[in-house]
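**Q** In case you want the letters, here they are:
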Amino acid sequence: MPSVCLYFQIHQPRRLKRFSVFDIDAAGAPAFARYEAEDENRRILARVVEKCYRPATRLLGDLVASHAGRFRCAFSITGVTLDRLAIDHPDVLDAFRALAASGCVEFLNETYEHTLAFPHDPEEFRAQVRRHRERIRDAFGREALTFRGTELIFSNALVECVAELGYRVMLAEGAEPLLRGCSPNRVYGTAGDPRIKVLLRNYRLSDDIAFRFSDRGWTGFPLTAAKFAHWVHALAGTARVVNLFMDYETFGEHQWAETGIFRFLEALPGEILKHPAFRFHTPAEAAEAHPIEGILDCPGIVTWADRERDLTAWQGNAMQQDALRALYRLSVPVQRRRDPDLLNAWRLLQTSDHFYYMCTKWSADGDVHRYFNPYASPYDAYVNFMNVLDDFTERVTAARPELEEPRC
Amino acid sequence: MRILMFGWEFPPQISGGLGTACLGLTRAMSELGQTVTYVIPRARTGAEPGHVRLVSAAEVPASAGPGQDAEDAASPAGALGKPLEILLRIIDSPLHPYLREDRYPGASGGAAGMLAPSGNYGPDLMAEVLRYGKAAGRIAAETSFDVIHAHDWMTVPAALEARRVSGRPFVYHVHATEIDRSGNSVHPAIFEVERLGMSLADRVIAVSHYTRGLIVRHYGIPAGKVSVVHNAVTRREAGPAYRAFKPPGKKWVLFMGRITFQKGPDHFVAAAAKVLAVLPDVRFVMVGAGDLLPQTIERVAELGIGRQVHFTGFLDGEEVERMFALSDLYVMPSVSEPFGITPLEAMLHDVPVIISKQSGVGEVLRHVPRVDFWDVDALAWTIVALLKQPDLAEAVVARSRGELEALSWETAALRVLDVYRGLLGP
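Heads up: the sequence lines are chains A and B, in that order. Mapped onto numbering that gives the first Met the number 0, the consecutive letters of the first sequence carry residue numbers 0 to 407. Mapped onto numbering that gives the first Met the number 0, the consecutive letters of the second sequence carry residue numbers 0 to 425.
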């Protein structure tokens, strides 16, 4: 009985304002408020809420109710986004709470600030995951079993770390470097830790919705729920799981309402469930329902990004590497200050988007990069970030260290 | 004397040293009672068919009338308080003193943010320079003047056309050559326009002995035909207006100029890395834009000094003043600098300077430290010395103050008038 596993990612970064060299060391707001493009962030979040979060969540609520437990899905909402939603759009948070209360929706864990702390500062990574776990438990009343890393980052070392933190299920990209010819539609164990089960994103089917849905040049256009369900049903003989992982903004923001994406989403559960063998499962349920059928050995890092399925979009060039190095060099000094504002600012500066804006890979993925980039060029992004980081470093240095021990 | 001058830029739009120099000289000449018709190119934003616009700067109303660009309302009288005899004539053209062939707005795939190509403009830079020359000829035909004065290569065809129409002598004022700008990758067509201008001109003015030598060596012009007139710097009435906050002990080292091969940005960055190894708290700031900006930023990243080396892009007016006020040291590591007015501006703000030996301004600032542009170790060592020894920096400023006072645009204008007289007779 194959499981269809839907998971939606929700993340909106706290973008930085234009911070010129004249702003460095100048008087003004403390910590992160100095650096944030607050109005812009508020405006963008309001737009995404209006176009996506509110209508899509209402629709999912209807689907959960009308299918009486047979439609199930999962979300991962970053801590930064959850905090902003709680302040500016509490009704949206309430809608997510209602979904959680239905028992049909799982909320996953990740890093609170959507960071790449794992490869750079594993101790800090654990702290961020623990904070997110608490935040999700407080908001939705349940302890998560499933972990997803920023950009579906995955490696043996990460598996070990995540298992130690108490998780039993991880999500990863169904990418060739990981699968080596195996199917993404099975549940795998890992070389990193025997306690972990992995669900792999079926990137063809996921991207049919997320990227190609409104592409008139695509042979699958126009995509209807019936057609998509037909493709899923064709996997009946071989697949144990079909994992459809995508950004939540696919619905209404990346694919506008006019493309028919909401009608597609509305009809999808019914069409999938027309085949008697198929069921919807949350990630934890899908992992529980199927045995391990292979072991993934992943010494290097695999992500869901770009063609390379790696981290080069975040740390592939010298600017990104310099920015990350300078940022994580502050780890010990920041921890020693025991100043919550400084720690919070340091963590918000780690949000992966800041480094994504510095990407210089203008390949086939260039358009995607440009779409999400608030800067005129990756050079502007780097220059601005380093201005901020210089100011922040001065503030950390100026604060008196209160701890001899590096970690709280 | 009546002068037809082909110049560059006019306030408030000044983007570089050439515009600053042209304006300083023109004002001084006007103040000496000369009548200057000042012709500049400026692109029309709403492309109208007219080629020539006539604005008398002294008569411009405070607010621009209908159909007139607001920028045309800028009057030098407003800046100085009394009307000047400068007749500003604007030719509709996208020419800009720092244009390169590949950045010309009409070039295929033209640079983002620049003007869209217009049917009225030439299809490439060289064609536009010639078209501009033709328009200049029409101005020359309807203006009376005694001498033609042109600044740098893009105005050479205009000056030659004006001389053909009028029979008046032509003085070619060289602020920079293709050798300075491009080193070993000289653009042959631009070099040829320069060579032609220098050969056909009745007299050549170089902004320094350094440049005069280069004109003789590379362009084969007889030394006797080339006069040297050093640039000056315009003093402001008030002292530095900005006292920006800076944590005590934090030193700022400034680069200000186009980020191009000529200005030696890579030498600045390499020296910065060496200085930071010794003095990690120093902050370096690079002000300016240019074709080497992306690779300069990448180089900074590769050296891992992005937190200490900051980029501002192009700054003007008030922000330049602020930057000087924040700076403890100005460095001009130019590979080849005919003159270089910015070190003088830094000095006006009491900021000590280091210049490359390949800079003409060294002929008038004889007490500032000079290093070969390629000698990154010497540059780094000199930066460290000046930062660590405030007495030394103070001495550089104090000893240069007298030299600065001896420099004025009036002196420069008088020398230029001497050149005219040599051509026209007493």
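Careful, some of the hints might be misleading.
As the list claims (entries may be wrong) - Derived Cβ-Cβ restraints for the label pairs, each shown as a range:
| hint | chain 1 | residue 1 | chain 2 | residue 2 | range |
| --- | --- | --- | --- | --- | --- |
| 1 | B | G303 | A | L58 | 21 to 31 Å |
| 2 | B | E318 | A | E39 | 43 to 53 Å |
| 3 | B | V277 | A | G180 | 52 to 62 Å |
| 4 | A | M0 | B | E301 | 50 to 60 Å |
| 5 | A | R337 | B | V277 | 28 to 38 Å |
| 6 | A | E39 | B | E301 | 26 to 36 Å |
| 7 | A | D246 | B | E318 | 35 to 45 Å |
| 8 | A | I43 | B | E317 | 41 to 51 Å |
| 9 | A | A36 | B | E317 | 21 to 31 Å |
| 10 | A | W255 | B | G303 | 34 to 44 Å |
| 11 | A | A398 | B | E301 | 23 to 33 Å |
Stated by the list, open to error - Covered stretches of chain B, as calculated for chain A (at least 3 residues, CB under 8 Å):
| hint | segment |
| --- | --- |
| 12 | 18-24 |
| 13 | 245-254 |
| 14 | 279-292 |
| 15 | 301-307 |
| 16 | 310-320 |
If you are wondering where the hints come from, they were derived from the structure by calculation, not from laboratory data. Ideal placement from N, C-alpha and C gives every residue a C-beta, glycine not left out.
**Q** Work down the list of hints and note, for each, if the structure agrees.
**A** Results of checking the hints against the structure:
1. B:G303 <-> A:L58: 21 to 31 Å: violated, 49 Å
2. B:E318 <-> A:E39: 43 to 53 Å: violated, 23 Å
3. B:V277 <-> A:G180: 52 to 62 Å: About 55 Å separates the Cβ atoms of V277 (chain B) and G180 (chain A), which means 52 to 62 Å holds.
4. A:M0 <-> B:E301: 50 to 60 Å: Holds: the Cβ-Cβ distance is about 55 Å, inside 50 to 60 Å.
5. A:R337 <-> B:V277: 28 to 38 Å: Given a distance of about 32 Å, which is inside 28 to 38 Å, the answer is holds.
6. A:E39 <-> B:E301: 26 to 36 Å: Since the Cβ atoms of E39 (chain A) and E301 (chain B) sit about 31 Å apart, the hinted range of 26 to 36 Å holds.
7. A:D246 <-> B:E318: 35 to 45 Å: Holds, since D246 (chain A) and E318 (chain B) (Cβ atoms, about 39 Å apart) stay within the stated range.
8. A:I43 <-> B:E317: 41 to 51 Å: violated, 31 Å
9. A:A36 <-> B:E317: 21 to 31 Å: holds, 23 Å
10. A:W255 <-> B:G303: 34 to 44 Å: holds, 43 Å
11. A:A398 <-> B:E301: 23 to 33 Å: Holds, since A398 (chain A) and E301 (chain B) (Cβ atoms, about 31 Å apart) stay within the stated range.
12. 18-24: Since 0 is below three, the answer is violated.
13. 245-254: This one holds; 3 residues, not fewer than the three required, reach chain A with a Cβ under 8 Å.
14. 279-292: holds (count 3)
15. 301-307: Holds, because 6 residues of the segment 301-307 of chain B bring their Cβ atoms closer than 8 Å to Cβ atoms of chain A.
16. 310-320: holds (count 3)
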